[in-house]
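On the provided structure of chain C, position chain U as indicated by the hints.
Read top to bottom, the protein sequences are chains C and U. Following the working numbering, the numbering of the first sequence begins with 1 at its first residue and continues without gaps. Following the working numbering, the numbering of the second sequence begins with 1 at its first residue and continues without gaps.
Keep in mind the hints are simulated off the structure, nothing from the lab. All C-beta atoms, glycine included, are put in the ideal place defined by N, C-alpha and C.
Partial selection, computed: residues in chain U whose CB lies under 10 Å from chain C:
(1) V82
(2) A86
(3) P149
(4) A153
(5) S164
(6) L173
Straight line, CA to CA, 30 Å or less: simulated DSS-like cross-link-like pairs of lysine-lysine:
(7) C/K78 / C/K40
(8) U/K78 / C/K85
(9) U/K40 / U/K85
(10) C/K78 / U/K85
(11) U/K85 / C/K85
(12) U/K250 / C/K250
If you want the building blocks of each chain, they are given just below.
2 protein chains.
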Amino acid sequence: MRLLQAQEIEDIAAGSAVLGTGGGGDPYLGKLAALQAIKKYGPLQLVEIDELNDDDLSVCPFGIGSPVPFLERITLDKELAVAYKAMQRWMGRRVTAILSVEIGGMNSVIPFAVAAEMGLPVIDGDGMGRAYPEAQLVTFTLYGHSAAPMAVADARGNAVVVNSIDNFWAERLGRPAAIEFGAIAGGFGYPITVGDLKECAVLGSVTYAEHIGTAIRQAQKEHTDPIDAVTKVTNGFRLFDGRIIDVKRKTERGWALGETVIEGLDGYGGRQVIVRFQNEHLVVIENDEIIVSVPDLIAILDTERGDPITTEHLRYGFRVSVLGIPCDEKWRTQAGIELGGPRHFGYDIDFVPVEERFSRS
Amino acid sequence: MRLLQAQEIEDIAAGSAVLGTGGGGDPYLGKLAALQAIKKYGPLQLVEIDELNDDDLSVCPFGIGSPVPFLERITLDKELAVAYKAMQRWMGRRVTAILSVEIGGMNSVIPFAVAAEMGLPVIDGDGMGRAYPEAQLVTFTLYGHSAAPMAVADARGNAVVVNSIDNFWAERLGRPAAIEFGAIAGGFGYPITVGDLKECAVLGSVTYAEHIGTAIRQAQKEHTDPIDAVTKVTNGFRLFDGRIIDVKRKTERGWALGETVIEGLDGYGGRQVIVRFQNEHLVVIENDEIIVSVPDLIAILDTERGDPITTEHLRYGFRVSVLGIPCDEKWRTQAGIELGGPRHFGYDIDFVPVEERFSRS
Chain C
1 MRLLQAQEIE DIAAGSAVLG TGGGGDPYLG KLAALQAIKK YGPLQLVEID ELNDDDLSVC
61 PFGIGSPVPF LERITLDKEL AVAYKAMQRW MGRRVTAILS VEIGGMNSVI PFAVAAEMGL
121 PVIDGDGMGR AYPEAQLVTF TLYGHSAAPM AVADARGNAV VVNSIDNFWA ERLGRPAAIE
181 FGAIAGGFGY PITVGDLKEC AVLGSVTYAE HIGTAIRQAQ KEHTDPIDAV TKVTNGFRLF
241 DGRIIDVKRK TERGWALGET VIEGLDGYGG RQVIVRFQNE HLVVIENDEI IVSVPDLIAI
301 LDTERGDPIT TEHLRYGFRV SVLGIPCDEK WRTQAGIELG GPRHFGYDID FVPVEERFSR
361 S
Chain U
1 MRLLQAQEIE DIAAGSAVLG TGGGGDPYLG KLAALQAIKK YGPLQLVEID ELNDDDLSVC
61 PFGIGSPVPF LERITLDKEL AVAYKAMQRW MGRRVTAILS VEIGGMNSVI PFAVAAEMGL
121 PVIDGDGMGR AYPEAQLVTF TLYGHSAAPM AVADARGNAV VVNSIDNFWA ERLGRPAAIE
181 FGAIAGGFGY PITVGDLKEC AVLGSVTYAE HIGTAIRQAQ KEHTDPIDAV TKVTNGFRLF
241 DGRIIDVKRK TERGWALGET VIEGLDGYGG RQVIVRFQNE HLVVIENDEI IVSVPDLIAI
301 LDTERGDPIT TEHLRYGFRV SVLGIPCDEK WRTQAGIELG GPRHFGYDID FVPVEERFSR
361 S
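Bound-form chain C, shown alone (with noise of 0.2 Å):
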């Protein structure tokens, strides 16, 4: 077990807002969260799933919808607790330990604070080692792993359990709860065994995303590129630098679709890329071609800093640079790919591995 300082937290936020792909929501008010439960219970505890029984029963909290109002309402803790007591309700089993569903801005930690408050340790992985948008797309589902029973509650007191046949299932009745909330409600769900887990989670992404926000922030410090910090982190790639010149985005069935046009500066002058995203980013484009896709990550980062902008926040003007990352290998495979790949999102490509397509500079 380790414990988890606000230094820690802040740099697993600013980590995970990079493989939050430009979803999960304004990690800043994550990171609050967090660190006022560091302030309340003391330090965090991030334990690997070796120090846990096989037999412990973990569950993932998170937030479901459109992250534009995730700008509002902070830290869902209402939200939270109902979802918790309905859930607790179904099950009838003693949850011992809690997981991120996914790395990706709040999602990846508010779990800190609800375990915090719960007296609980995280788990040192996720359901995605990504951000996604949907409740299906997580790789439990790959290895069966159901979402079921997944609680999603309001701050008013509404409960609603979604007792689904598979996790497609859970998303579909998930989501249009969250809707009637108001585009965002508080979840709980995924209740897999330790065991289970070491199979079909991702380990280790907390860590992952903490080396992430470390090597940012040591670039800010020591005035070095914050881009390269990340691309040899993450064995990522730098697509393309510029600034942005359009973004288009609407709310649509309870996600922020949209995307982003940018314009090359630099090395990158005359050229341009479309950023399309449904929460997350889904697809690059260059002359109507698509160079990265999901299942990888793209992520757009400030190119002075090295900070990662969620799509609510990208604006006309914004020095910009793109990243390509390399996925979980979980992804990759054959189910991993029709799971969550370019089709799923109504790209009709193969997808092709970011490391295929590009070299490193």
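Below, chain U without anything else, positioned relative to chain C:
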């Protein structure tokens, strides 16, 4: 306790289709399910509320959604089995009686099939004394009794348990699930003790429906006027006789919405009325004036035979009679009119009881 044979079930089905005011789905299908249950389990048990103990717990099975797909899915037996299991798991308390949530079409006859399978009696009463298109539009709401926990399920095995803070939220959270399930779902809800039902339910309404059904059947047999027979049993009013010249309908947000235009015949020649519906009939309009409205009941019956016609069966050319029937007194209180009156459905008029506007012919 009274044992119901096939004839009683047929009469209840016919009568509750009158009280269903155009909604509640095709009563023929609910009747089939109940008749099958008689075949399998013997006569069905109808009990008066006083025959049960005050701490007996009753629940209401129901179909939720637009009635149109009812035409294809007969009994909702799989849906209801899944929903019941989910609700039981949430409640953890034994159910000892079954109540119709509404007297209207399928939802008032299906409970007999469900109860027979569960070996439970059906209480002579319901939660509306009519049919209504939204989950909160029950007399229970007027007395502060909750629709929750409410379980909604499909035939695939998916279930959602809604644990809402009030019955408006039960509606808002239950309907989207039904829509995801394909516009129709089976559900259980409104767990209320017999002691509380004595105050908040519309009691005796199954027998009332049976009397209406019997009156129609006898009029058909004796070749007397079946419309007059219904107005006599219900203290209702024959508002209009005519021929349907137009039916507009659409399915929207899980409801069948539309209107029926009827051109007067015989004594009503030269006149025209429009009957608007949201699953159930809401208002009768003549010369741009609302002449009857919810919460009073508006029924459209075949003029010759007296058979009630649900909105999905209304067709151009049908010869029909429009009836206005006084609703239960609970709906005529200030709270009742606010909950289920014209303004709830967007008609900005004061409710005028049908007997104040019309006199008996």
